[in-house]
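Anchor point for the sequence shown: position 92 equals 1469 in this note's numbering, and the numbering is continuous, going up by one each time.
Wrong hints could be hidden among the right ones.
Lysine-lysine pairs mimicking DSBU-like chemistry, simulated, CA-CA at most 30 Å apart [unchecked claim]:
1) Lys1527 <-> Lys1517
2) Lys1889 <-> Lys1835
3) Lys1819 <-> Lys1986
4) Lys1522 <-> Lys1538
5) Lys1835 <-> Lys1972
6) Lys1710 <-> Lys1405
7) Lys1785 <-> Lys1808
8) Lys1535 <-> Lys1405
9) Lys1790 <-> Lys1972
10) Lys1444 <-> Lys1468
11) Lys1718 <-> Lys1822
12) Lys1847 <-> Lys1809
13) Lys1656 <-> Lys1399
14) Lys1434 <-> Lys1785
15) Lys1466 <-> Lys1439
16) Lys1710 <-> Lys1648
17) Lys1718 <-> Lys1431
18) Lys1640 <-> Lys1518
19) Lys1951 <-> Lys1901
20) Lys1518 <-> Lys1399
21) Lys1466 <-> Lys1405
22) Lys1637 <-> Lys1517
23) Lys1405 <-> Lys1718
24) Lys1819 <-> Lys1890
25) Lys1567 <-> Lys1512
26) Lys1790 <-> Lys1518
27) Lys1777 <-> Lys1434
Here are the simulated distance ranges between beta carbons [as the list claims (entries may be wrong)]:
28) Ser1985 <-> Lys1439: 45 to 51 Å
29) Asn1459 <-> Glu1520: 21 to 27 Å
30) Pro1514 <-> Gln1788: 18 to 24 Å
31) Asn1416 <-> Glu1981: 24 to 30 Å
32) Thr1515 <-> Tyr1740: 31 to 37 Å
33) Glu1541 <-> Tyr1740: 36 to 42 Å
34) Glu1651 <-> Asp1870: 52 to 58 Å
35) Thr1515 <-> Thr1548: 17 to 23 Å
36) Glu1520 <-> Asn1753: 31 to 37 Å
37) Glu1793 <-> Asp1870: 20 to 26 Å
38) Glu1541 <-> Lys1431: 43 to 49 Å
Rather than coming from a laboratory, the hints here were simulated on the basis of the structure.
Note that the Cβ used here is the ideal one computed from N, Cα and C, for glycine as well.
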Amino acid sequence: MEITEISIKNIKGFGEPIQNIKLDNSIKSGKVNLLLAPNGWGKSSLTAAFESLKREKLDVPKENKYKQDETLDSELVLTIDNNKYTANKIKNDLKDILIAHVIHCDTYPVAITKNMGKFSTTKGYIGVKSIEITKIPTYKKLEYKVSAEKNSFGQNNKLLKNLESNFSNFTFMNLFSDEIFESCKKLSGKKVQAIFSQIIDYIHLKKGTEEQIRNTIDNDIFSEINRNENYVVLKNVFCSGLSELDAFTNIYQIISFVSKNPKRNITSFQKYYEYQIFKEKLNANIKSVDTTWKNIECTEHDGSLWVEFPNADLISNGQRDILTFTVHLLEYKAKLQFGKKYLLIIDEVFDYLDDANVLAVQYYLTNLLNYAFEKNIEITLCLLTHLDPKYFRAYAFNQKILNVCYLKDVQAKSSEFMKTFIAFRQSIGPKKKDANIDLYNKLSKYCFHYHLDLPNFKADIIPYHRSNLKENWCEGDSLFIYLTGELNKYLADSHEYDPYAVSLAIRIGTEKKVYEQLSNDEDKNLFMNVHCKGTKDKIEFAEEKNLIIPDAYYILCLIHGESDHIEYDENHKKFNEKPVIYKLNNPVVKHMVAKLFDFEEGTEVPLSKIH
């Protein structure tokens, strides 16, 4: 199964006209599909759409309607294998195509208010939703007494084995299939029972101890019954390795057992013991990832099996996330049905886990796909994330099953020129073997920080003959023209842009704006020429001079503070990119940058904002 397009209308952040999400790469079943989009793009709108998908229609609650307007008609359209399927308030074309499910965070705020006379106090904490795993199957006690079977058999009933342990054993009872029930029914017919009676009458005539009787039984007496295909079915399933006599007496009791216990009761027994085994495995799996001191286990109440978690303030975020995710996945696995098709969407589970827990999650997901393959179940597994594996942690999934899909075009395309320019400065820094402190300081002062004067040392760069190194960026305003151009592409949200250029523009633009707010020339000189360790140092200097600095400047420092220090790895022949640079895609970050440069829609940031 391949999904090539998703369209959503009037659900959360997606309004009208219908929003078409054209994927750069199709979503494939049997794969781990990483669906990438920046924070703020609308991943929660996507999950809300699939959570609203019911059997017969799309049922979107008010809180998930676009602008919470209940009068709007919502719609979800999927293009699967070149066919379009629509779900809305009156139909669900997808109901026979796939079953959708979403797993995401289960934390929620809780407030407890205590009244104390005229006063009240409120204490807040983060709760973790209990997870209902499954309904508890009804237990049906099955009827079997060996004494009753012996009485019915009559003379020489000492030859009958006590099968009580068999009929209470899940492995044995799980052998009862539709074929077994049908065979038992046919073996209860008059003609076949007449053959049984002949054999039993033959056994009745024998005298002596059990051992003596066994030794005198002629196996030819079983020849006719062994030609009955239904008898052979039971014999092959239940009596492997047994003598002809024991096989006969066991089958005799099995037929009697089925006649006294309806199929529905035996099936209920199977489901109940299957549930018990599942519960034990679930507890074992929880224990394997439970590093808390709370000894979390399944509990049974209100006719269901639940997993209840301690308040989030009693366990770490990592413990909470891996526990809730593992339980959700095991709950989901328990509900899968043979031959069905499923779409599982996992909402940003990876984005906030540490590396050890990421490995655990990957193990469980790979295990789920393997299980589905073995059971002929088709699962389309999607992980929503804002972390691009090209720049962030290396996922441990087998590359053959990893499929990366971009929900939004990646506009951040770093240029070799900008990365080379940044890495060149790093390569001649104080601690490098090719250190050139004078040139390093010139680059830092005139190209990587705000300064009134333009750079004028192109001649110092030329002797290096570095590939992709823009020498003219160290002469005049060429560098700043490039930075401003990339900044405007970024803010216009309509072109690819160089994120490293935008980052450097933010750094220089921030410093220029702070510099211009300083009240006297002495402070400005200190800011520009003395306090030049880094932008954060310059901002703190300005605050000491009683300037009010927006928090946004410090937040943006986190981006350019890393991205303006990339290096080239000679061993692997690549740049050590800084993943934080791709946070520029975040709408909140973009808003901060727009405010910094006084940008308005439809205009451009002038060169004067940087130099």
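Against the structure, the hints come out as follows:
With a CA separation close to 24 Å, the supplied pair Lys1527 and Lys1517 stays within the 30 Å bound. Of the supplied pair hints, the one linking Lys1889 and Lys1835 holds, its CA atoms being roughly 23 Å apart against a limit of 30 Å. Our distance criterion of 30 Å between C-alpha atoms is met by Lys1819 and Lys1986, whose separation comes to about 21 Å. At roughly 11 Å between alpha-carbon atoms, Lys1522 and Lys1538 fall within 30 Å of each other, so this suggested pair holds.
Between the alpha carbons of Lys1835 and Lys1972 the distance comes to roughly 33 Å, so the proposed pair goes past 30 Å and is violated. Pair hint Lys1710 plus Lys1405 holds up; C-alpha atoms about 19 Å apart against a cutoff of 30 Å. Between Lys1785 and Lys1808 the CA atoms are separated by roughly 41 Å; this puts the pair beyond 30 Å, and the hint is violated. Straight-line distance between C-alpha atoms of Lys1535 and Lys1405 comes to about 62 Å, which puts the hinted pair past the 30 Å bound.
For the suggested pair Lys1790 and Lys1972, the alpha carbons sit about 23 Å apart, so the restraint of at most 30 Å is met. Among the hinted pairs, Lys1444 with Lys1468 is consistent with the structure: their alpha-carbon atoms are about 23 Å apart, no more than 30 Å. Restraint check: the Cα-Cα separation between Lys1718 and Lys1822 comes to about 61 Å, which exceeds 30 Å; the hinted pair is violated. Our distance criterion of 30 Å between C-alpha atoms is met by Lys1847 and Lys1809, whose separation comes to about 21 Å.
For the proposed pair Lys1656 and Lys1399, the alpha carbon gap of about 42 Å is over 30 Å, so the pair is violated. Restraint check for Lys1434 and Lys1785: the C-alpha separation of about 28 Å stays at or below 30 Å, so the hint holds. Restraint check for Lys1466 and Lys1439: satisfied, since their Cα atoms lie roughly 13 Å apart, inside the 30 Å limit. Annotation: proposed proximity of Lys1710 to Lys1648 holds, straight-line Cα distance about 16 Å (limit 30 Å).
Between Lys1718 and Lys1431 the CA atoms are separated by roughly 15 Å; this keeps the pair inside 30 Å, and the hint holds. In summary, the hint linking Lys1640 to Lys1518 is supported, as the alpha carbons are separated by about 13 Å, within the 30 Å threshold. A C-alpha spacing of about 39 Å is found between Lys1951 and Lys1901, which places the hinted pair above 30 Å, so the restraint is violated. Note on Lys1518 and Lys1399: the hinted pairing is violated, with a Cα-Cα distance of about 55 Å set against a maximum of 30 Å.
Restraint check for Lys1466 and Lys1405: satisfied, since their Cα atoms lie roughly 27 Å apart, inside the 30 Å limit. The suggested pairing of Lys1637 with Lys1517 holds, with an alpha-carbon distance near 13 Å, which does not exceed 30 Å. Between Lys1405 and Lys1718, the direct Cα distance comes to roughly 12 Å. Compliance with the 30 Å bound is thereby established for this hinted pair. Taking the CA atoms of Lys1819 and Lys1890, the gap is near 21 Å; set against the 30 Å cutoff, the hint holds.
A hinted pair counts as satisfied when its Cα atoms are at most 30 Å apart, and Lys1567 with Lys1512 does not qualify at roughly 42 Å. At roughly 67 Å between alpha-carbon atoms, Lys1790 and Lys1518 are farther apart than 30 Å, so this suggested pair is violated. Distance check on the hinted pair: Lys1777 and Lys1434 sit about 35 Å apart at the alpha-carbon level, beyond 30 Å; violated. Hint check: Ser1985 to Lys1439, Cβ distance near 49 Å, so the stated range 45 to 51 Å holds.
At about 56 Å, the CB distance of Asn1459 to Glu1520 disagrees with the hint of 21 to 27 Å. Checked against the hint of 18 to 24 Å, the C-beta distance between Pro1514 and Gln1788 comes to roughly 53 Å, which is inconsistent with it. Separation of Asn1416 from Glu1981 is about 26 Å and conforms to the stated range, judged on CB atoms against 24 to 30 Å. Separation of Thr1515 from Tyr1740 is about 34 Å and conforms to the stated range, judged on CB atoms against 31 to 37 Å.
Distance hint check: the CB atoms of Glu1541 and Tyr1740 are about 40 Å apart, consistent with the given range 36 to 42 Å. Between Glu1651 and Asp1870 the beta carbon distance is about 54 Å. The supplied range of 52 to 58 Å therefore holds. For Thr1515 and Thr1548, the hinted distance range of 17 to 23 Å is satisfied, since their beta carbons lie about 21 Å from each other. Range check, Glu1520 to Asn1753: Cβ separation about 35 Å, and the 31 to 37 Å hint holds.
Take Glu1793 and Asp1870: their Cβ atoms lie about 24 Å apart, and the range 20 to 26 Å holds. Checking the proposed 43 to 49 Å range against Glu1541 and Lys1431 shows it holds: the Cβ atoms sit about 46 Å from each other.
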